[in-house]
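Chain by chain, the residues run as shown.
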Amino acid sequence: MTDTSHGTGGLTFDKTKRSWPNELNILFALIVIIAIFEILGQVLPYMNDQSFLFDTKDRFDSIFNEARLKIIILQVAIIGIIALGVTQVIITAGIDLSSGPLVAATAMIAMSFGQTELVNGFANPKALFGTWAMDLPVLIPVIVGLTFGAFIGAINGTFIAYMRIPPFIATLGMFLICRGIALWWSGGNPISFPTESFKWIGSGMMPVVWFLSLAAIFHLIMRYTVYGKHTYAIGSNEEAARMSGINVNRHKVTVYVIASMLAAFAGVILAAKSETAQAGMGEFYELFAIAMAVIGGISLQGGRGSIIGTVLGAMVLGVIRSGFTYVKLDGSYQLMAMGSIIIAAILFDQYRQRNRA
Amino acid sequence: MTDLVLQTTDLTKHYGGVHALEGANFEMKKGEHVAIMGDNGAGKSTFVRQITGVEQRTRGTVKFDGQEVNFSGPLEAREAGIEAVFQTLALADHLDVPDNLFLGREITKFNWLGPFRLLDYKAMREQTIDGLNKTGVKIPNIHNTIERMSGGQRQCVAIARAATFKSKLTIMDEPTAALGVQETAQVENIIRTLKTDGDSLILVSHNMRQVMDLADRIIVFRRGRICADLDIKKEDVSGEDVVSYITGAKTQPEFEDSAA
Chain A
119 MTDTSHGTGG LTFDKTKRSW PNELNILFAL IVIIAIFEIL GQVLPYMNDQ
169 SFLFDTKDRF DSIFNEARLK IIILQVAIIG IIALGVTQVI ITAGIDLSSG
219 PLVAATAMIA MSFGQTELVN GFANPKALFG TWAMDLPVLI PVIVGLTFGA
269 FIGAINGTFI AYMRIPPFIA TLGMFLICRG IALWWSGGNP ISFPTESFKW
319 IGSGMMPVVW FLSLAAIFHL IMRYTVYGKH TYAIGSNEEA ARMSGINVNR
369 HKVTVYVIAS MLAAFAGVIL AAKSETAQAG MGEFYELFAI AMAVIGGISL
419 QGGRGSIIGT VLGAMVLGVI RSGFTYVKLD GSYQLMAMGS IIIAAILFDQ
469 YRQRNRA
Chain B
1080 MTDLVLQTTD LTKHYGGVHA LEGANFEMKK GEHVAIMGDN GAGKSTFVRQ
1130 ITGVEQRTRG TVKFDGQEVN FSGPLEAREA GIEAVFQTLA LADHLDVPDN
1180 LFLGREITKF NWLGPFRLLD YKAMREQTID GLNKTGVKIP NIHNTIERMS
1230 GGQRQCVAIA RAATFKSKLT IMDEPTAALG VQETAQVENI IRTLKTDGDS
1280 LILVSHNMRQ VMDLADRIIV FRRGRICADL DIKKEDVSGE DVVSYITGAK
1330 TQPEFEDSAA
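Going line by line, the protein sequences match chains A and B. When we follow my numbering, the leftmost residue of the first sequence carries the number 119, and every step to the right adds one. When we follow my numbering, the leftmost residue of the second sequence carries the number 1080, and every step to the right adds one.
Among the hints, a few may not be true.
Residues on chain B that point at chain A, a partial pick, calculated with CB under 10 Å [said to hold, decoys possible]:
| no. | residue |
| --- | --- |
| 1 | 1153 |
| 2 | 1163 |
| 3 | 1181 |
| 4 | 1183 |
Quick partial rundown of chain B residues pointing at chain A, CB under 8 Å, derived from the structure [unchecked claim]:
| no. | residue |
| --- | --- |
| 5 | 1095 |
| 6 | 1172 |
| 7 | 1194 |
| 8 | 1197 |
Which chain B residues stay away from chain A? Per the calculated CB distances, all over 12 Å, these [as the list claims (entries may be wrong)]:
| no. | residue |
| --- | --- |
| 9 | 1120 |
| 10 | 1190 |
| 11 | 1319 |
| 12 | 1330 |
Calculated directly from the structure, the hints in this document are not laboratory data. C-beta atoms are modelled at their ideal positions from N, C-alpha and C, and glycine is treated no differently.
Sequences are here, hints too, so could you generate the full structure?
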């Protein structure tokens, strides 16, 4: 009828026309970084022909250097769990600075319900509470920890969504409050000697199992559920989300609660892995978690990014950390390299955005 | 009475001392396309905002579909069957067309999962294609995100969203103000489709040709009051007449006392 004057573009659903996913760029960057270390390993005179990635000793029937791969991912698993939550917060165009201290506070609180009564036949020297809190089933410290996290997240979310406090300020306040709680909980003393079942949560490769399982779950949630869609919509255009009937404030509170619960769970794992909880734990974790998300292509303006991106971002940081150890360069270089990569990631993202428009 | 889709009596809005809208008595029948014209600040948008619940009126009553209504927000109005396309497009830039069409009313599976219920992408995609075909909207690839679309395509998506869901009344506030010639033509085609389908429409526009083309009736606002109600399909009304009403050179006799 009226199709003549302005083209007959028609409607298509063409999977091949979908845009090049940003995750592939990060994967590519990851491979490049690994290749650089691999080459450095061959080139540097003091390296004795070691390989960064591959198994050169042929002790097992494996291609890759499994020990190194395990360490790479183990080192980023706990912060990676925080990053999964931070990713969701950043997608709503928010930020969460409180996660590092929340890790410490939760580690303290959870550990105080996860202690064992007798250490080598003697009373636990670091016992915080009386015998009633000793040798409890492992679910109790975990539930207490997650509940505390949910509570902190609810406060963050309520101040941000209903009282319109900028996320940066609200969570900066919570950053200090949580560090204070961590110190106050035991008067600054470490809490140690957990039960065997509590240790199990963080033992061996368990942090990696938690990280990858949670990453898979939240990947599916962000992609295939209403919760995920609304999270993207809010970050993309909050007013449009509101006009479309999304309860934006309630949704934001949910996002902050989930993020804080993930950080709290990271705290539980860290305490279990370290077999002790100390008030100074988790320093800079919030910043590394944000860095993982940013390297993974999560836009701080909100609306863009994915869990897969963040997992890759975490891997980038892990590879850099491990790679610098491999080429025997100390921590100062690591920090400089990580900082440069964060800035490079943002520059690349901006370049990509400009080219698209 | 029941064939009136919308009726306002003495609809009034004051912002402090500013009388943005004063005693608007307005009615429209089902299936009618009514254009609202007037100079900047004449009260057109204010009028629309009172009907859609974006703002709360100072005084007066609104009857929608035979029922007196008091919408507390645009969402309630939307649930009652009033779909509005605003000047500021309410689209999420990073989402694609089906996502935007179904934003806030997604088709879902496993609803017992609460907020984590699954999106039925396939059903939404099919309904999107149906809806766009019906309204004649052309978008090269519905899986492009909004940020990659031209202004006209965005406007079409916004209008398609209003049109896809069988609303009882669609309100468009300056739908073509920022569009080029071809894009405007496409939007106008969609509006014609709505007319053929018998949908009711309020069109706020500055474009005289467009209004003469698309509307059954023109309501002219001047300084917060209705000053003319022109049945352009029956009476012989020229563009110059409408301009005289807009500028205040003329006022219809029945509105003399109110629009003085």
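So, going through the hints one by one against the coordinates:
no. : hint : in the structure
1   : 1153 : holds, 6 Å
2   : 1163 : holds, 9 Å
3   : 1181 : holds, 9 Å
4   : 1183 : holds, 3 Å
5   : 1095 : violated, 23 Å
6   : 1172 : holds, 5 Å
7   : 1194 : holds, 4 Å
8   : 1197 : holds, 5 Å
9   : 1120 : holds, 23 Å
10  : 1190 : violated, 9 Å
11  : 1319 : holds, 28 Å
12  : 1330 : holds, 36 Å
Taken one by one, the earlier hints fail for this structure at numbers 5 and 10, listed in ascending order.
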